[in-house]
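> Same order as they appear, the protein sequences are chains A and B.
When we follow our numbering, the leftmost residue of the first sequence carries the number 1, and every step to the right adds one.
When we follow our numbering, the leftmost residue of the second sequence carries the number 221, and every step to the right adds one.
Treat the hints loosely; a few may be bogus.
Claimed, not checked - One side only, chain B facing chain A, incomplete, derived with CB under 7 Å: (1) M433; (2) L435; (3) V436; (4) G437; (5) A438; (6) S439.
Please keep in mind that the hints were generated in silico from the structure rather than gathered at the bench.
Just so it is clear, CB atoms sit at the ideal spot from N, CA and C, and this is done for glycine as well.
Each chain is listed here by its residues.
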Amino acid sequence: MYKGAPRPALDDVSVDIEKGEFVFLVGASGSGKSTFLRLVLREEKPTAGNVWVGGKDLTKLSSWKVPTLRRQIGCVFQDFRLLPNRTVAGNVAFALEVIGTPNKEIERIVPNVLELVGLEGKEERYPNEISGGEQQRVAIARAFVNKPAVLIADEPTGNLDPETSIGIMKLLDRINKIGTTVVMATHDVAIVDQMRKRVIEIDGGKVVRDQSRGVYGMGA
Amino acid sequence: MKFRYLLREVMTGLRRNITLTLAVMITVAVSLSLFGSSLLVRAQVQEMKDFWYDKVEVSIFLCGNISDSPTCAGGAISEEEKTQINADLEALKPLVDTIYFETQTEALSRFKEQFKNSPLAETATIDQMPESFRVKLSDPTQYAVIAAAFAGRPGVEDVVDQRQALDRLFRALSGLQTLALVIAGVMLLVTALLISNTMRVAAFSRRRETSIMRLVGASNFSIQLPFILEAAVAALFGTTFATGALVVGKIYLIDQNLATTFTFTTFIGWDSVFGVIPWMLLAGLGLAIVAAGLTLQRYLKV
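Build out the structure end to end from the sequences listed, making use of the hints.
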């Protein structure tokens, strides 16, 4: 991924993320982390510069191809964004249903993914019946069910206690090891320090630090 | 996109916004009833034109003893003048289709027939009745040719085109039709705005689903389809009501009322009614789909 975008939210940001990498995006609130992620999802277009994802220049991507792009990117958020009126399995299946996956396929894939995220036995529970950590696992399962090339996580542990957060991080790490590129925006110092992954720090829309095996607080 | 999923989405959507759904159905029903009625009035005018234009005549009234028109200054028309008019009419064939000479006696009996319930019929005398040539034209619109040839000629009191009297009626009916069409147009505009607002509410109440659909890469079409179908189903119900209204109107108003009262003319048949229904469907569904689609462009962006 490369980008260079002189604009108020992000200014002259130039970053390459290789396939299969695990990257932490850190920085204060309003520093531009979320804008970075929105650019990758083509929710925003840069006013100048380019965004390349999976070999495609998103600034030149026609809007009807955006859904195809998003099928290659999984998304996880701080607030889980589950459908309250659907079960755990239903929430995961939803992602497949709306892109037209055949029922047989769905019935085969969903249990596998739920097992991967450690939710076997909770398939028929509703989101309000399970813990926050479990809800985030459902969200990760939903994001991963399409086998995306990239997983974007915007403060996935923001609403969780440290112990649950570690569980989520282990899950993301496992997904990364399967071959999915993970880009995670976070404020969580402990997690960043513990994982020892590549850290990109953004401040005021500029990249102020980019180091492999970094920690949260150093430098800036 | 699976059919069962679609059906469920559309049904929950319709139920969730039940008040707005009903409002859409009612406005569609009312506006399309007006729209359909105005089309039927047009069909009725056409029907009457076809019926009457075959029967209308141009009447050339001749001077009698009591005529006071300037062309009748020479008193009653002479036999030579009559023969000349007849010859001139013959010369105008094939525009002139048939020529019939109505005598005073025939004129009197026709007058008495037309006014049989009026005291006028009792007092009318044969002297008051004008003689006339009744001319049927092969092309009724060519009245001016006859008028130019015979109006103002000595011995001719007046040239009257029955068609002009009918045209006044048809103009009134056309005016009625235009009025219905304008009201239908305004109502359809209201319907479009209402559908647009309904879509806005529906998009808002389902924003959770649609935002997730966007994120997992559902196509625009599959995100918008349930909403558009929702509008289309509501419009279809409305159109069905409007169609029913026209059928009921045809049975009770035309067949059982007008047709039995005004026996002198024909009325539109079922073929006209069924001919109008596809247009109503097209207008109703087209409007719903276009209004919904345009609104969703705005509220369900990729």
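> Tell me if V436(B) is really an interface residue toward chain A, meaning its C-beta lies closer than 7 Å to one of theirs.
Check passed: Cβ of V436(B) comes within 4 Å of chain A, closer than 7 Å.
> Close enough to count: is the Cβ of A438(B) nearer than 7 Å to one in chain A?
At about 4 Å, which falls below the 7 Å cut-off, the nearest Cβ of chain A leaves the hint on A438(B) intact, so it holds.
> With chain A as the partner, please determine if L435(B) meets the hint condition of a C-beta pair closer than 7 Å.
holds (5 Å)
> Can we keep the S439(B) interface hint, with Cβ of chain A closer than 7 Å?
Given a least distance of 5 Å, the restraint on S439(B) holds.
> Holds or violated: the hint that M433(B) contacts chain A, with Cβ atoms closer than 7 Å.
Because about 5 Å separates M433(B) from the closest Cβ in chain A, which is inside the 7 Å limit, the hint holds.
> Regarding the hint that G437(B) lies at the interface with chain A, is the smallest CB-CB distance below 7 Å?
holds (3 Å)
Of the hints listed earlier, there is not a single one the structure fails to meet.
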